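Counting with our numbering, you get residues 162 to 482 for the letters of the sequence shown.
Any given hint could be a false lead.
Each computed DSS-like pair below joins lysine-lysine, with the alpha-carbon atoms no more than 25 Å apart [stated by the list, open to error]:
no.	residue 1	residue 2
1	K308	K185
2	K272	K217
3	K164	K358
4	K164	K272
5	K164	K189
6	K189	K308
7	K272	K370
Derived from the structure by calculation, the hints contain no laboratory data. Please read these numbers as outputs of a predicted model, since none were measured by experiment.
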Amino acid sequence: MEKTLYIHIGSPKTGTTAIQGFLKNNGKPLRHAGVNYMSAGRINIAHNGIAGSFRKGEGAEVCGEIATEVEESRFPVHIISSEMFFRPAVARVMGRDLFGGLPEWLRRRTKIIVYLRRQDRYLEALYKQLVKNARIPTGAMAFFERKLESLAYAYSLDPYASRFGAENIILRPFERQHFRNGDVIEDFVDQIGVDLKGNLSRPDTSTNKTFSLEMSEVLGMLAAETSLNTRDLIRALIALEPADVVRSNDVYNLDTRRKIVAHHAERNEVLRRTYCPQLDQLFDETDLADGNRDAPVDHATNWRAAVQAAAQAIAHVEGKE
């Protein structure tokens with residue numbers, strides 16, 4: 162039996178957790194279809210421990226565990242998944258040591274799967290995530306200036322392509338028009354060539370809300386300046402569903418989004434030609450076309466809504482204690 166190892170490397174903010182939850186929670190139907198979500202190196206839903214092992218110089222042991230599980234299994238498809246594999250520093254180590262540590266027969270049957278957001282959309286999602294957890298100070302433009310160059314995705318892909326071959330990189334733009342039924346999980350299943358049938362458990366995405374810029378920054382301030390548990394506040398916000406604090410595409414204006422995309426245009430074209438030449442362009446840019454305008458923003462109203470929602474969430478949490 163010919164076996165294939167798929168290494169899903171993210172990237173972050175592209176439905177990675179949903180894919181991992183799906184793979185973990187559907188072990189029986191997946192195995193029935195010939196798919197093994199590997200145990201080697203997996204903690205709960207993801208294989209984040211593998212990245213740490215490679216960075217500590219313990220890659221040979223991990224490669225041995227991976228090879229043994231694949232070899233002794235009766236399944237043709239094997240999957241490892243961690244968005245940590247997308248980090249350039251991790252990619253450099255893993256691309257080299259994973260290729261060197263796997264047996265030759267498995268190296269030839271290894272494919273890398275990656276989903277990519279357009280850089281401006283990824284930057285917005287990353288800013289909101291980091292700022293609401295108080296991991297960075299507020300200041301979206303300073304964050305843009307600091308992170309612009311690091312959004313060149315070749316830094317994460319080249320270390321794998323140089324070892325496993327560009328033909329074994331499966332690059333998917335994270336855009337719903339490319340997915341079957343607009344669903345990234347269904348697209349992932351398509352990419353590994355599996356026909357899944359029957360009742361399958363789907364992850365609960367109702368709690369995966371994208372908060373507004375102002376709400377994200379208020380949460381970050383509360384996390385940094387108070388003893389409040391902002392995870393509890395986020396759960397309360399989701400339960401209460403306050404108005405005007407769930408919003409996307411509100412961090413960077415049209416000019417800044419255009420600047421980010423233009424900065425990476427040539428490198429994105431190289432990625433398209435290398436990994437997905439069937440596409441006319443790597444990312445849809447129709448929203449950046451001339452004639453589009455930013456909608457007027459009432460910052461005072463947005464901040465008032467965020468502060469009011471935070472107060473409601475605090476009262477809700479404290480009322481439960």
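A quick look at each hint next to the structure:
no.: 1; hint: K308 / K185; in the structure: 33 Å, violated
no.: 2; hint: K272 / K217; in the structure: 24 Å, holds
no.: 3; hint: K164 / K358; in the structure: 21 Å, holds
no.: 4; hint: K164 / K272; in the structure: 11 Å, holds
no.: 5; hint: K164 / K189; in the structure: 19 Å, holds
no.: 6; hint: K189 / K308; in the structure: 42 Å, violated
no.: 7; hint: K272 / K370; in the structure: 32 Å, violated
Of the hints listed earlier, those the structure fails to meet are numbers 1, 6 and 7, in rising order.
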